[in-house]
Amino acid sequence: MNFLRSLADRDRVFDFLVPAASPVDVRHGPILYLEDVTVSFDGFKAINDLNLTIDDGELRCIIGPNGAGKTTMMDIITGKTRPDAGKVWFGSRHDLLTMNEPEIASLGIGRKFQKPTVFEALTLFENLELAMAADKRILPTLTARMTPAIRDRIEEVLETIGLAELRLRPAGILSHGQKQWLEIGMLLMQRPRLLLVDEPVAGMTEQEMERTAELLTGLAGKQSVVVVEHDMGFVRSIARKVTVLHQGSVLAEGSMDQVSNDPKVVEVYLGADAEEEVA
Amino acid sequence: MNAYRRKILPRPYFRNNLRTRLCTKFRPSQLAAAALVTTASLGFSSQVLAEDPIKVGILHSLSGTMAISESTLKDTVEMLIEQQNEQGGLLGRQLEAVVVDPASNWPLFAERARELLAQHDVDVVFGNWTSVSRKAVLPVFEELNGLLFYPVQYEGEESSENVFYTGAAPNQQAIPAVEYLLNEVGVERWVLAGTDYVYPRTTNRILEAFLKEEHGVADDDILINYTPFGHSDWQNIVAEIRRFGSEGKKTAVVSTINGDANVPFYRELANQGIDAADIPVVAFSVGEQELSGIDTAPLVGHLAAWNYFMSVDTDENYDFIDAWIDYTGDEESVTNDPMEAHYIGFNMWAEAVRKAGTTDVDAIKDAIIGVTVPNLTGGYAAMMPNHHITKPVLIGEVQDNGQFDIVWQTPSTVAGDAWSDYLPGSRDLIADWRAPMRCGNFNVATGSCGGSTAAEEAEAALAE
Amino acid sequence: MRIFPLPWPVAVKASAGSVAGRPSRCLVLLILLLSLCLTAVAAQAQSPDAAEDAVALELLEALDVDSYPAKGEAIDAIVQSDDPRARDWLSALLDGRLQRADDGRFVVVLDNRGREWPVEDALSGEALGQMSRRELDRIGINNALRNQLRSAIAVVDLYSADLALRRASAERLLGEVDADLAEPLAGVIEQEEDRQARARLIQALAIHRLEQGDIDAVADLKGSLHPRVRVALNRAVMGDDQVVADAAQAALNSIEQNLRINRGLETLYFGLSLGSVLVLAAIGLAITFGVMGVINMAHGELIMLGAYTTWAMQQLLPGQPGLALILSIPAGFLVAALMGIAIERGVIQFLKGRPLETLLATFGISLILQQLVRTGISPLNRTVITPEWMSGSLVINDALSLTLNRMVVLGFALVVFAGLMLVMRRTRLGLEVRAVTQNRAMARSMGIRATRVDILTFALGSGVAGLAGVALSQLTNVGPNLGQNYIIDSFMVVVFGGVGNLWGTLVAGLSLGVINQILEPWAGAVLAKIIVLVFIILFIQKRPRGLFPQKGRAAEG
Amino acid sequence: MHWLGRPFTERSTQLFLGVLLAALTLVTILHVAVPQGHPLHVSAYTVNLLGKYLSYALLAVAVDLIWGYLGILSLGHGAFFALGGYAMGMYLMRQIGDRGVYGHPELPDFMVFLNWDSLPWYWTGFDMAWFAFIMVLLAPGLLALVFGFLAFRSRVTGVYLSIITQALTFALMLAFFRNEMGFGGNNGLTDFRDILGFSLRSDATRLGLFIATGVALAVGYVLCRAIVSSKLGRVCVATRDAEARTRFIGYRVERFQLFVFVVSAMLAGLAGALYVPQVGIINPSEFSPVFSIEIVLWVALGGRATLYGAVIGAILVNYAKTVFTGVMPDAWLFALGAMFVLVTVFLPKGVAGLLAYRVRRRKHRGEDDESPTPRGKEVSA
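Protein chains in written order, with our numbering: chain A, 5 to 283; chain B, 172 to 635; chain C, 26 to 582; chain D, 243 to 623.
Please keep in mind that the hints were generated in silico from the structure rather than gathered at the bench. All values reported here derive from a predicted model rather than from experimental measurement. Just so it is clear, CB atoms sit at the ideal spot from N, CA and C, and this is done for glycine as well. The reader is advised that the hints may include incorrect statements.
Selected chain B positions facing chain C (in silico; Cβ < 7 Å) [said to hold, decoys possible]:
#, residue
1, Pro399
2, Asp404
3, Asp431
4, Val434
5, Gly444
6, Asp466
7, Ser504
8, Thr543
In silico SDA-like pairs for lysine to any residue, Cα to Cα no more than 25 Å straight-line [as the list claims (entries may be wrong)]:
#, chain 1, residue 1, chain 2, residue 2
9, A, Lys84, D, Leu356
10, B, Lys420, C, Gly248
11, C, Lys377, A, Pro174
12, C, Lys567, A, Lys119
13, A, Lys84, C, Arg288
14, B, Lys421, C, Ala466
15, A, Lys119, A, Glu107
16, B, Lys420, C, Leu425
17, B, Lys383, D, Leu356
18, B, Lys420, C, Leu572
19, B, Lys420, C, Glu201
20, A, Lys84, C, Leu572
21, A, Lys84, C, Arg570
22, B, Lys420, C, Gly200
23, C, Lys567, D, Arg395
24, A, Lys119, C, Leu425
25, A, Lys183, C, Ala466
26, B, Lys421, C, Ile227
27, C, Lys567, D, Leu356
Okay, chain A solo, but in the shape it has when bound:
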């Protein structure tokens, strides 16, 4: 029976049956709103009654020890994992729990993975071209032509991420840091309202880190950005507001200074790290 019903679920095949995505409504407050979200794997609660609000245009850092549920949280927002309970709203109009990944992506939520994933066989230019906000249905994609406007936009982003010289090289030859930037560039091409960035500086050199920090702070204001990061120095260098996750729920929230002085946070998380930072 389920099978028959799924056959009737036509909008998954025929694009024209899908209502056009409506713009995000942020008049009534935050751009992202998570309430009482819970998800468990084999009895282990990866996310436990998580509540989180991100404002439009905000740059938010999320920190937390391993297993705090940072990546799972991102999975839930982007539709990869379905929570057992709770609400996830994008603006005040879109219930993300009813949507699949491409739908969520086309609403304007972009995600950068922990491990940089770019299309290695394609050139940088093509990577950006694919990521660009455009009509992403089959026939328009098949007949799409390269216009000067598109080319300019791609060049602009290539400049922004500082990889313009490499535009015609396959992305597979890039260094780790360059891939991270390219991925951020791809997110920019989507003109997202909300950027989810997972550990952008892992494995980067000092200079690369600086450059990344510049990139991200430059984006805030135009877009809302959520950064998940381990590196405290980096967080300190870009953070305005920090959320600390622990065991799947919010432990503390506030500016970096507030948070790092919170005794609970110091106890469960910052303890060892903070000393290192000082050193």
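Got chain A; can you put chains B, C and D on it based on the hints?
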């Protein structure tokens, strides 16, 4: 490998092969040029052939699934050619075997047949096993006017000007076997079990019609069952046969089960306690060669119907067996019915060549009708005008040594019938390739050859 | 004149024209005497003198005629002569081994393989060495004679000391008792001590009584599931006597009810047995594919190697198929496991993380292995003998008997499964395998030699395939194509059950087997298979991870 | 630039079309103009053989489109090929008319043989060429649509997809073996007489079919090239290398997969339709899983994700097969098996990769320009 190569290869092939090897070493820039040379080399072999020997094409699969059955037939023809050459060849010319391998692939059969006829210009071809491969090459032989000797029992319903059927037609195997079961064993209920392809389908239809029309067997007393090729799980079917056979009437299974599926079938029969004495199975596709690969214990006492058994007690047969064992160098090697068919076919063709004094295809076609040569069972085989031959029918019982104990035999030979009398579509058809009829499907009801008038009549009937 | 009661219908038919008088009680006694005397004389091993030989020769000469009725009389004559060698002659005649040499001597062929046959003199029993088959002429018999011979030997068996022979004899008498046999039979029943044989004889007699219109006989037949009993009851229902017909109908109804249950059980057994074959074939794959992620298309050929090992063992130990079969279990495992190691080291290790490429490469290996067997051994199927203890079936009741070979395979499959579970759950290797599967890098850093684990896992999976081959050699052909027939089914079972889950493989294999066997009588063998395949395809679309998917974060990716 | 016109500006396409055109012309000239007996004459047999290779080449291009560019390893493409072949075979059967041995005006011989009294409904329309030719594309396309819809929707990819495509073609093979299906069972369809009024037994028709196959290959090649060099092609490559990522940047990956899968199936069907009149028989063995895997080998040997590599591979392997099975039948399976192993282990980019490597090395010697190898997706990435 070398000896092997020498044995089966016509010389031009070597050259061709050398050329191929040379031209596969092309450089990228020479792609086009290489393609050209390759193309040319494919069409090359026909030019270097010497005119001298008489060429005998052999079209049997040497690889793939059918290699099991067919490769011995290739060896048989090669042995016969060797023997003929020792006797001085034919018309003072030596015979030369041209062997190709259609690799158990039906489209490849057609391609290879074309290669034999068009590229190698062979004078005659011995080949094929399965019906589908024969159907695949038939248009090629008709188009290029070749001669094909087909050595395997088949479903009939065919008579081509270019094909000589030296295996049994249904009336030379199936019907006598069923008559034996009816009259000698007293069978009243029938299981017709077969693999799902055209030979069992047709044979079973003929048998069904025969049993019902000639012997008044009721619908309830016939059980027909088809299984896929290589079927290995017979539990349900054997259980059904067991139940079918336990209704108090003597029951027999007429099996047209093909090749590999037989071993699990007989095993299951034995394990479910069905003895040859309770429900005998008479098989049309189980011969010495098939038995040589299996544990015969579960089969002992079951029957097979053929036109030849290795256990036939005649001197011709013993000579043939000795020659075959000498040729293969294997004391264990067995002979079987299709080998005898090739033996007969080859001798008939040789006789026709002597009679006609030429290897010309059309001359042979005329000369061969009526040619009579000894078979291995102590009698004679004659080529009939419908391109089928006369054969005795033998019923043998499987013994534990993998041989058959002959329990019954037709008193005289039976002429092969191309068109069955028991099928409505072919009842009125006859084949006669002698002048002036020269027709493979002459309709005696309408008095015309082929379908043309039948079609007109059908249209007329529709119009009314 | 005939001396034996001829209980079999065909035999009766064959003798119908010539029988002067029906056998009587004294003849049965005669048989009794004869059989006693046969054994007694044989035990003393007295060599018959020349005069006896002349008589014997005459008896045999009478067999060497063309007319079958004359041969029938000659057989009767041999039976009547109380020559101690008669029984040997009759069984040799039945087997087609009684032959006449060109010099006129009668010989018994000891082994009729090849062109030269060892023979012994039929009269003196002395070995005559080898004779060419050209020199020998077989004394042919037909079916009627065959039945006459069997009857002659079998009725003697009713009085045999051998319990098995007596039981078989009693079995045969069902539905074949006539008025002449009925009376002595009552005496035999009295004497019979074995319960089973006795019950049979009572039923046999009851069938006869029912035919005579004896309503009490129905009580003796009630509850029997034997087809002959059913036939007899059916006849009674059709009969003129209304009372008897009603009683028979009632008995028949309860039998039919019982039969339906038995048929259901039978189908279940067929399904489980087919399922066990699928499980055996697939379980090795569940390890290499499920645990290591290697698509081993040569899996079928590893099964084939196991089967060929069985054949080779039987060649090495001629005459002891059972022992050879048992020894092939470790040998088959070893051969396939070694081949598995060769494949892993030779090819798969270079293709880590490229499952689709391993698929192609191992397919190439499968072609090579097949062709290797074809050219190296033979393109023909090989003979693998089923040992005595695996032939036949276990009789539960008259309508339900379980074939032994399949039962052994079913048990074997369960044992292999349990063994694998133990290895995976309880041994160091199992632990390491699971560790490497879940996180290779981490496992390595913990000091687990991942390469070694890969080799061992693959060897284990391959070895289990070899075990499947040993089992399959008892069910199907051992030939180069053996593996090909099972590879797709194996993949289906693993995928249907859920990759990486041994329990899933077991449940999937058994349930697919049962579904197939339930569908088969209704849809036919081909359609049943197609339906099962389509069902799996649709099922995978619906639940891409099979019946028992691996859960958790790792699987989400 | 229009997406269909784009391929013509690419050098590799120009080169490919040039070589193909040259080969077609050359063979035609050598066959028609050079007299028989001349060493350069190309016989009808050879023309026929080359025609068969070309239809295989088209099939290989179809497989390369989805395997090379989309990363979907279909082990069931033989099924689409065979369906196209059967559609064509049914048309050719109907063309026999009353020339069958039984002379029935409508029923093919095998139906008379099996005592059918009328054509099954699914045979209607196949006497009309246009209908049959549409079905050549439609039948495989429809099967691909339904199958792909179900598979891609539930994200059955990678190895699982390979296995169930194999099951699909196996199930179809069993089904077509059944005589009740009305497709001639094991014997299949054979004894064709003519196509569009031309006798299939004449050399001219054979040449015509050869040229038609060549043209179809050119068209199929250009179509595939146009697809892969469009933005859609780049989406495919993106999907192949990082399916999840492609989804996150907003492409409905399953629809792209479905679209390309259907196109590929239709091309395979076209190849089958051109194959059947040239070999003269279609039977269920074309559905055998082994054949489908062999197609993949052609592509792997020629070089994935190049399209022309598929053509080279198909022709090379089949030519080798023709030669080997003639010279050393026993060795053929060894050679084929070894090819599978060696190509996957040592030559992941195939012959095309080898060619490209040489060309590149000659062009810019010493320059490091190694593009990453396209790889199959992991079982569970």
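A quick look at each hint next to the structure:
no.: 1; hint: Pro399; result: 5 Å, holds
no.: 2; hint: Asp404; result: 5 Å, holds
no.: 3; hint: Asp431; result: 5 Å, holds
no.: 4; hint: Val434; result: 5 Å, holds
no.: 5; hint: Gly444; result: 6 Å, holds
no.: 6; hint: Asp466; result: 5 Å, holds
no.: 7; hint: Ser504; result: 10 Å, violated
no.: 8; hint: Thr543; result: 26 Å, violated
no.: 9; hint: A:Lys84 to D:Leu356; result: 56 Å, violated
no.: 10; hint: B:Lys420 to C:Gly248; result: 22 Å, holds
no.: 11; hint: C:Lys377 to A:Pro174; result: 24 Å, holds
no.: 12; hint: C:Lys567 to A:Lys119; result: 30 Å, violated
no.: 13; hint: A:Lys84 to C:Arg288; result: 50 Å, violated
no.: 14; hint: B:Lys421 to C:Ala466; result: 70 Å, violated
no.: 15; hint: A:Lys119 to A:Glu107; result: 23 Å, holds
no.: 16; hint: B:Lys420 to C:Leu425; result: 21 Å, holds
no.: 17; hint: B:Lys383 to D:Leu356; result: 17 Å, holds
no.: 18; hint: B:Lys420 to C:Leu572; result: 48 Å, violated
no.: 19; hint: B:Lys420 to C:Glu201; result: 13 Å, holds
no.: 20; hint: A:Lys84 to C:Leu572; result: 22 Å, holds
no.: 21; hint: A:Lys84 to C:Arg570; result: 17 Å, holds
no.: 22; hint: B:Lys420 to C:Gly200; result: 12 Å, holds
no.: 23; hint: C:Lys567 to D:Arg395; result: 9 Å, holds
no.: 24; hint: A:Lys119 to C:Leu425; result: 63 Å, violated
no.: 25; hint: A:Lys183 to C:Ala466; result: 23 Å, holds
no.: 26; hint: B:Lys421 to C:Ile227; result: 24 Å, holds
no.: 27; hint: C:Lys567 to D:Leu356; result: 39 Å, violated
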